[in-house]
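The whole structure should be built from the sequences, with the hints applied where relevant.
Read top to bottom, the protein sequences are chains W and E.
Letter 73 of the first sequence, counting from 1, is numbered 72 in numbering that gives the first Met the number 0, and no numbers are missing.
Letter 208 of the second sequence, counting from 1, is numbered 207 in numbering that gives the first Met the number 0, and no numbers are missing.
None of these hints come from the bench; they were simulated from the model.
Please note that a few of the clues may not be correct.
Simulated pairs of lysine-lysine, DSSO-like, Cα-Cα distance not exceeding 27 Å [claimed, not checked]: (1) W:100 to E:97; (2) E:185 to E:97; (3) E:260 to E:159; (4) E:1 to W:100; (5) E:260 to E:97; (6) E:97 to W:283; (7) E:185 to W:100; (8) E:260 to E:185; (9) W:100 to E:159; (10) E:1 to E:97; (11) E:123 to E:159; (12) W:100 to W:158.
Counterexamples of contact, computed for chain W against chain E with all Cβ distances above 10 Å [said to hold, decoys possible]: (13) 141; (14) 205; (15) 270.
The C-beta atom is built at its ideal place from N, Cα and C for all residues, glycine as well.
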Amino acid sequence: MFLLHKLNTNLHRVMAIPAIVLFALFFIYPLTQGIGISLTDSNGVTAPSFVGFQNFIDFFQDDRAKTDVYNTVFFALGSAPLLNILGLMYALLLDRPYRGKGIVRAIVYLPAVISPLIMGYIWYFILQPQRGFLYHVFDLFHLQAMDGNWLGDSSTALKVIILVNVWQFVGMTMIIYLAGLQSIPQEIYEASRIDGAGYYTTLRYITLPLLYPSIQINVVTNIIGSLSVFEVIIALTEGGPGYSTESLSIYILRMLYGSFTGYSTAVALILFVMIIVPVLLFLKLTRKHEIEM
Amino acid sequence: MKKVSWYTFVILISLVSLVPFYVLLFLSLKSPTLTFFEGFSPLPDFRFLNFSEAWVSAQIGRAIINSFIITIGAVLIIVFFSSSAGYAIARFSNRMNKIIFYTFLVCMMIPAIIITVPLYSLMKTIGGINTHWAMVLLTASTSLPFAVFLYTNFIRTLPKEIEESAIIDGCTYFSAFWRVTFHFLKPVTSAVIILTGLGIWNNYGQAVFFLQSQEMQTVPLAVSMFFQKYGAQWNLMAAAAMIGLGPAVIAFLIFQRYFIKGITAGALKG
Numbered sequence: 000m001f002l003l004h005k006l007n008t009n010l011h012r013v014m015a016i017p018a019i020v021l022f023a024l025f026f027i028y029p030l031t032q033g034i035g036i037s038l039t040d041s042n043g044v045t046a047p048s049f050v051g052f053q054n055f056i057d058f059f060q061d062d063r064a065k066t067d068v069y070n071t072v073f074f075a076l077g078s079a080p081l082l083n084i085l086g087l088m089y090a091l092l093l094d095r096p097y098r099g100k101g102i103v104r105a106i107v108y109l110p111a112v113i114s115p116l117i118m119g120y121i122w123y124f125i126l127q128p129q130r131g132f133l134y135h136v137f138d139l140f141h142l143q144a145m146d147g148n149w150l151g152d153s154s155t156a157l158k159v160i161i162l163v164n165v166w167q168f169v170g171m172t173m174i175i176y177l178a179g180l181q182s183i184p185q186e187i188y189e190a191s192r193i194d195g196a197g198y199y200t201t202l203r204y205i206t207l208p209l210l211y212p213s214i215q216i217n218v219v220t221n222i223i224g225s226l227s228v229f230e231v232i233i234a235l236t237e238g239g240p241g242y243s244t245e246s247l248s249i250y251i252l253r254m255l256y257g258s259f260t261g262y263s264t265a266v267a268l269i270l271f272v273m274i275i276v277p278v279l280l281f282l283k284l285t286r287k288h289e290i291e292m
Numbered sequence: 000m001k002k003v004s005w006y007t008f009v010i011l012i013s014l015v016s017l018v019p020f021y022v023l024l025f026l027s028l029k030s031p032t033l034t035f036f037e038g039f040s041p042l043p044d045f046r047f048l049n050f051s052e053a054w055v056s057a058q059i060g061r062a063i064i065n066s067f068i069i070t071i072g073a074v075l076i077i078v079f080f081s082s083s084a085g086y087a088i089a090r091f092s093n094r095m096n097k098i099i100f101y102t103f104l105v106c107m108m109i110p111a112i113i114i115t116v117p118l119y120s121l122m123k124t125i126g127g128i129n130t131h132w133a134m135v136l137l138t139a140s141t142s143l144p145f146a147v148f149l150y151t152n153f154i155r156t157l158p159k160e161i162e163e164s165a166i167i168d169g170c171t172y173f174s175a176f177w178r179v180t181f182h183f184l185k186p187v188t189s190a191v192i193i194l195t196g197l198g199i200w201n202n203y204g205q206a207v208f209f210l211q212s213q214e215m216q217t218v219p220l221a222v223s224m225f226f227q228k229y230g231a232q233w234n235l236m237a238a239a240a241m242i243g244l245g246p247a248v249i250a251f252l253i254f255q256r257y258f259i260k261g262i263t264a265g266a267l268k269g
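Structure below.
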């Protein structure tokens, strides 16, 4: 009885255990296993043998891998800044009392509710050359000349994918910035107005610094999300034409399907480093700008 | 004048955001024709038959049930496990809880695709391929870091007094959490449900590996299979996508009321 009571009163000490146990089993354990697999020539069929860093060496000598690194970084460099600038502009525009506020917010967020895969299919349909939705809209206004095979052209395909991604997730970035804007006390704005600060001065010296937590979350999630992109590409181009829109995530999955298990895991670890380095760098560089309220 | 142009902007933004939905709706009500856009008009044909045809041929009904089981199961685990973990981390700061928190924080930056290979052999070992329970545990654990992060930060902003009166009345810290504190977590719970629930409902990257049998297909799998098989039948594909979208949109509209408040306190403070 005493034991039971003791157990009961100490239960709060172990309340974090279920979460970490589940997480360890399905995430941390596979992660550590992955490091081992990446050092082998495992193909999922025959017994794997240790090959040292050969998989990593292979990666850096593979032209397709180089293209994919370029594509992934290009996508991230286009997507993350656009999402943040546009999301911030939306938030600044919509952060005021007006009728239908809740509805407008819900509408702008709504594209993020669709699966990126289905969003990709929808845009595929819109952008099909000669028969897509856009073509027929152009046609309606006798502007057929504006239509183009954007997804089939390797010089434009990736840019279109970036735009589709921004279109889908700008609402999510906006919501985080809106939440940040609403946590800034109104008195600060009033004080700055009394001091005679104009709109841009206020934005530069008050709003943006105080928005730091939102900027941090948005930039970090956008770096992670854009460097691991794959669903929207699968739906729009399947990585083509050629490998011109293939991202590292798609490469990893294709190597996996091709039974290059060891190699695929090595590429996954390289992608992990490619994500964690810019994230930590960003967090370190912006740390001193943090303002305590 | 300024006000008018502001409203124009807001309406423009809303319309731009609605374009994909309009196109999806337009398509889902289109009649099947060989030359798809013969006599194109921006108004759909209102062919509601598409929905029943898609329902049958995409087996979207079963996919919705599968998605429901997996999403609800995983979200329940996420809410209970991560709220109690967040409570322990926020309120009882000892070395173990700190290590747990920082482990989650670091792992939040690791996209799930990275562990696909070893996860596959783990799933095979535990017999989890093509099962609901394993998919529930898997998708839940992938979302845990973010949820724990939100809950911990949110609980840190709540005053300790809210559970202290319950403890004076003889509650243990454990039961005080579930009886009192948990009810104050509505905003952050809404944010967690929206963000993780939508991610799991739309999960494709893991489902495509671990739910390969036809009976276990989730909504994204069913729609994409449909797309690959009947690529030309846009009207049916769109109808299937519309059906699969419905529950997600409804859930979003229910929980979005607290959404901003939850994000504010969960992610931005603390």
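We went through each hint and held it up to the structure:
no.: 1; hint: W:100 to E:97; in the structure: violated (40 Å)
no.: 2; hint: E:185 to E:97; in the structure: holds (25 Å)
no.: 3; hint: E:260 to E:159; in the structure: holds (20 Å)
no.: 4; hint: E:1 to W:100; in the structure: holds (18 Å)
no.: 5; hint: E:260 to E:97; in the structure: holds (26 Å)
no.: 6; hint: E:97 to W:283; in the structure: holds (21 Å)
no.: 7; hint: E:185 to W:100; in the structure: holds (21 Å)
no.: 8; hint: E:260 to E:185; in the structure: holds (9 Å)
no.: 9; hint: W:100 to E:159; in the structure: violated (34 Å)
no.: 10; hint: E:1 to E:97; in the structure: violated (51 Å)
no.: 11; hint: E:123 to E:159; in the structure: violated (45 Å)
no.: 12; hint: W:100 to W:158; in the structure: violated (32 Å)
no.: 13; hint: 141; in the structure: holds (13 Å)
no.: 14; hint: 205; in the structure: holds (16 Å)
no.: 15; hint: 270; in the structure: violated (6 Å)
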